[in-house]
Structures are given as structure tokens and as C-alpha cells.
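> Using the hints, position chain B against chain A.
Here the protein sequences come in this chain order: A and B.
Position one of the first sequence corresponds to residue 6 (this note's numbering), numbered consecutively onward.
Position one of the second sequence corresponds to residue 6 (this note's numbering), numbered consecutively onward.
If you are wondering where the hints come from, they were derived from the structure by calculation, not from laboratory data.
Dumping the calculated BS3-like pairs for lysine-lysine here, alpha-carbon to alpha-carbon at most 27 angstroms:
#1 A/Lys-40 <-> B/Lys-138
#2 B/Lys-138 <-> A/Lys-79
#3 B/Lys-14 <-> A/Lys-14
#4 A/Lys-75 <-> A/Lys-14
#5 A/Lys-79 <-> B/Lys-14
#6 B/Lys-138 <-> A/Lys-75
#7 B/Lys-75 <-> B/Lys-14
#8 B/Lys-79 <-> B/Lys-37
#9 A/Lys-37 <-> B/Lys-138
#10 B/Lys-79 <-> A/Lys-138
#11 A/Lys-138 <-> B/Lys-37
#12 B/Lys-40 <-> A/Lys-138
#13 A/Lys-75 <-> B/Lys-14
#14 A/Lys-14 <-> A/Lys-40
#15 A/Lys-138 <-> A/Lys-37
#16 B/Lys-79 <-> A/Lys-14
#17 B/Lys-138 <-> B/Lys-37
#18 B/Lys-138 <-> A/Lys-138
#19 B/Lys-40 <-> B/Lys-14
#20 A/Lys-37 <-> A/Lys-79
Number of protein chains: 2
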Amino acid sequence: MSEFAITFKPIGVIRSDHVSAQEIPIQPNYAKGCKGRAIVFLEFEEGLRDLDGFSHIYLIYHFHQAESPKLIVKPFLQDVERGIFSTRTPCRPNAIGLSVLELVRREGNVLHLDGMDILDGTPLIDIKPYTAKFDRIETSRNGWQDEVDEETARLRGRRGYRGGSSS
Amino acid sequence: MSEFAITFKPIGVIRSDHVSAQEIPIQPNYAKGCKGRAIVFLEFEEGLRDLDGFSHIYLIYHFHQAESPKLIVKPFLQDVERGIFSTRTPCRPNAIGLSVLELVRREGNVLHLDGMDILDGTPLIDIKPYTAKFDRIETSRNGWQDEVDEETARLRGRRGYRGGSSS
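Just chain A, with the same shape it has in the complex (with noise of 0.2 angstroms):
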């Protein structure tokens, strides 16, 4: 294997009302109505021109509070083993996550986001837009997810939120 590191350097952080880790909605369709921001750098601001034009955007950011990483995990929607790779949980090989949040509106370097499920005080390391030609893809099969009933989902989604926003 690379002993190779690669290093990034925070563009922003993440502010949102999810201060405990354990009561994170798990992806942003269960984070539904929660707001929250992406602050960036000042000195990135000039990049988030033309990024207003997109409904919604992917963050990449820093797992910062991450437990040790495991291969094998039971996922947060299933009481069942599975392959770390196969899930979106937290405690990866490198800890890095992956949001699809709706990008409510930009006031200079602030952009104000719905569906917030990552953690306040998370350093984001990218921005892409999210455009339907490239991400909105016809899966043909969706693994074990195909086997959480939607019910299920959404009442393990939420998790400890009970509703309510900021910005």
C-alpha cells in the first residue's frame, strides 16, 4: 500500500444546531426543515460565484469527531454487520463525508442551506454543484438499503431531532 498522505486545508465551516453527535439526522431527506450555514473563508468568496444558480450542492467535509475507524459496522437504519464502504457511517478509513443539502440562498461568503445533518463546527473541505445530468442517477439496486422500510428510516433518520430550525 501508499504511505502517501494528502493534505487539505479547511475553506469554511460548517454551522448548524447539531451540537451532539448522537442526535444527528442521518442524511439530509430526514433533516428536512433544518437549516444551517456553510461559512467560508473570506478568502475563498470569489469561488462561490455562479454557485447560487444550483437549487442544490454537495459539501465534503472533515468527520472531525469520528470514532477510530472500523471495517465493519451496523449502520445507523440496520440492526445488521455491515462493510464500512457500504454505508455512510462516520468511522471510515479516512473520515470524510458527503452531504446533498438544498441551497436555500448565498449572501457573500454565507450559504444558507435545508437539510442540514452534519455537525456544527465541521471544517468543510469542497463544494460542488449538484446537477441533475451528472448526480441523478437511475440505480438499478440500492444494496441493504433496499431492505429498511421506509417507516423505519425516517423514524431511525431523525434521530434526536424534534424538529424546530435556525439559520
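For chain B alone, kept in the frame of chain A given last:
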């Protein structure tokens, strides 16, 4: 801003027919029929369990041959200057790439993929399942991408790729 650095180590390497950065199709949907592989280092193989239940997966990787970061770029698909975060261009503040590929099959630590739009030898950072529930989003606006007609996108998108495939 934060000077805090985030360090990742490759979990594997991408193998593809694309050996020149200038000739890579720019997104998987312009790379249909382009086969390739993700070779995951053996120490992480156990984490691939259950992944082959998914027809599509996200690869997160290091644009290891990206030019110096720019905040304003002309994307491949349009001769108009755009903010880097509204594009998928490699020369980003953090040179991190994201593609959704079709997982054709898994053989041990090797993932056989279709829609390969990644340079041969690229370090792989993470793998996540693509699930319709989380990732297939109804967008209402696709920014400047909506201005690019499909014929132009298809011609520019395939770039140097002339057909043929490998595994």
C-alpha cells in the same frame, strides 16, 4: 481562517485507460462504456462487504495532477468564467474529486466500474454507496449547466475519448 490541516491516506488506486489529463471524459455520463477499476488495498478489503448490492457508487479521490488552485475558471463545457465551486474542475482549493460510477462487479479487493472518468493512477480516498433515497434529488435549478445544450455537452464532455474499453 483555520490553518488546521486534515490528512488522509489513500485506500487504493484507480486504474483506467485515461493516461492524459487532457483527454479524460469530464463526467461519468460522458464516459459510458469507459471501463476501469478501483483497486482497494488489501488491508481495507473487508470494508467492501455488501457494496456489490449497489448498482452505483461514489468514488472520492485526489486530483493528484491538478494545476494550482484557481477561484475563477472556464469549465470544460462552457467558455464563460465561473466560480470554481460552481464547477467540477480539478484545480480547486482542495483538489478532491467526486464521481458516481456504475459498479459492474466486485472481485475481492477489485471493483470493476463503468463510466470511468478518472485518470489512471489516481489515489482513492473513499467509497460510498449511491442510494436513490439519499442521492437522487429533484433539482429545480442546475445553474450554468442549464445553459449548455446537450449536443455541445456531449461533444465536449467526451473530449479525447474515441471509444474502446478496457477492464
